[in-house]
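J.: Starting from the known structure of chain C, fit chain D onto it as the hints suggest.
So the protein lines, in turn, are chains C and D. Each residue of the first sequence is one higher than the one before, counting from 1 in my numbering. Each residue of the second sequence is one higher than the one before, counting from 135 in my numbering.
Hint data in this document are derived by calculation from the structure and do not stem from the laboratory. All figures in this text were calculated on a predicted structure; none of them were measured in a lab. Any given hint could be a false lead.
What the hints assert, rightly or not - In silico contact screen, one side only, chain C against chain D (beta carbon under 7 Å); selected entries: (1) Thr3; (2) Leu43; (3) Ala83; (4) Leu124.
Unchecked claim - Pulled from the structure, derived: some chain C residues nowhere near chain D, Cβ distances all over 10 Å: (5) Pro29; (6) Pro30; (7) Arg32; (8) Val34; (9) Asp72; (10) Pro74.
Built from N, CA and C at the ideal position, the CB exists for glycine as well.
Protein chains: 2
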Amino acid sequence: MLTLRPIGHVRSALVDPADAPRQGDEGAPPARIVVDPPLRPALDGLAVGSDVLVLTWLHWARRDTLTTRPRDDPDRPELGVFATCSPHRPNPIGLHRTRILALDDAEILVEHLEAVDGTPVLDLKPVLGPTSER
Amino acid sequence: MLTLRPIGHVRSALVDPADAPRQGDEGAPPARIVVDPPLRPALDGLAVGSDVLVLTWLHWARRDTLTTRPRDDPDRPELGVFATCSPHRPNPIGLHRTRILALDDAEILVEHLEAVDGTPVLDLKPVLGPTSER
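So here's chain C without its partners, still in its complex pose (with noise of 0.2 Å):
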């Protein structure tokens, strides 16, 4: 079995995930990521202005839902759940694309991040650019 530490967790005035939008970029709030200090060390280099990979825990998704209709438009053709960013999946792993505003000890802030208050954050990656600059 594959064991998931939450690095953290998310500080957002969206609380339900009905109110969330399905993209950061479609409307969603800034919000904090408050890491645990122990791993403090980790955020070395993170700069204000960077765009960001936060990896998040869906942890109020299903994860027994195989096929889903996109964006649960009724006019759409079911498709397996691999083929969307359903956050209904085998393991509920969300992916957001954002920037990061300011950096406060461990605390970073966000531009826009999609996931509600309290969602478990399991990573941080930076996005890369061309690889002549990796």
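T.: Chain D alone, transformed into the frame defined by chain C:
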């Protein structure tokens, strides 16, 4: 505790992490993703030629590493792992962008993948286009 259930595994000619390129677009070979048969319906809608994000569990990585030198380059400063793409991180989730070359029942051939043979696969997600195409 959050528990992952692999949705399948990587089958690849790469067997030693030391031989793996740092990113898929830096010379990684094609690979097969063998999905567990009960999850077959979750693949409906994936198509040959589509770009796809593959999330993996880098099972050989260290989880207690908090800082590292990018690309193991001694001339570069030590950075926190969340500012790098190091596989060594608290939750060693690999994120790979690749393209589907062939689909056969519950097996997917992808263009390039820097994960070694036997790597657990956690999730597949489409690459999002502009909001108008979602």
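J.: Hint by hint, note whether the structure agrees.
T.: Here is how each hint holds up against the structure:
With a least beta-carbon distance of about 6 Å to chain D, the hint placing C/Thr3 at the interface is held under the 7 Å criterion. The closest approach between the C-beta of C/Leu43 and any C-beta of chain D is roughly 5 Å, which is under the 7 Å cut-off, so the hint is satisfied. Restraint check, C/Ala83 versus chain D: the minimum CB separation of about 3 Å is within 7 Å; hint holds. Taken as an interface hint, C/Leu124 checks out: its beta carbon lies about 4 Å from the nearest beta carbon of chain D, inside 7 Å.
With a least CB separation of 17 Å from chain D, C/Pro29 remains clear of the 10 Å interface cut-off, as annotated. With a least CB separation of 19 Å from chain D, C/Pro30 remains clear of the 10 Å interface cut-off, as annotated. Look at C/Arg32: its CB is around 15 Å from the nearest CB on chain D, clear of 10 Å, so calling it non-interface holds up. The non-interface label for C/Val34 is consistent with chain D: the shortest C-beta to C-beta separation is roughly 14 Å, beyond 10 Å.
Even its closest Cβ contact with chain D, about 12 Å, leaves C/Asp72 beyond 10 Å, as expected for a residue assigned away from the interface. With a closest Cβ-Cβ approach of about 16 Å to chain D, C/Pro74 is found to remain outside the 10 Å limit, as its non-interface label requires.
Hint compliance for this structure: no hint is broken.
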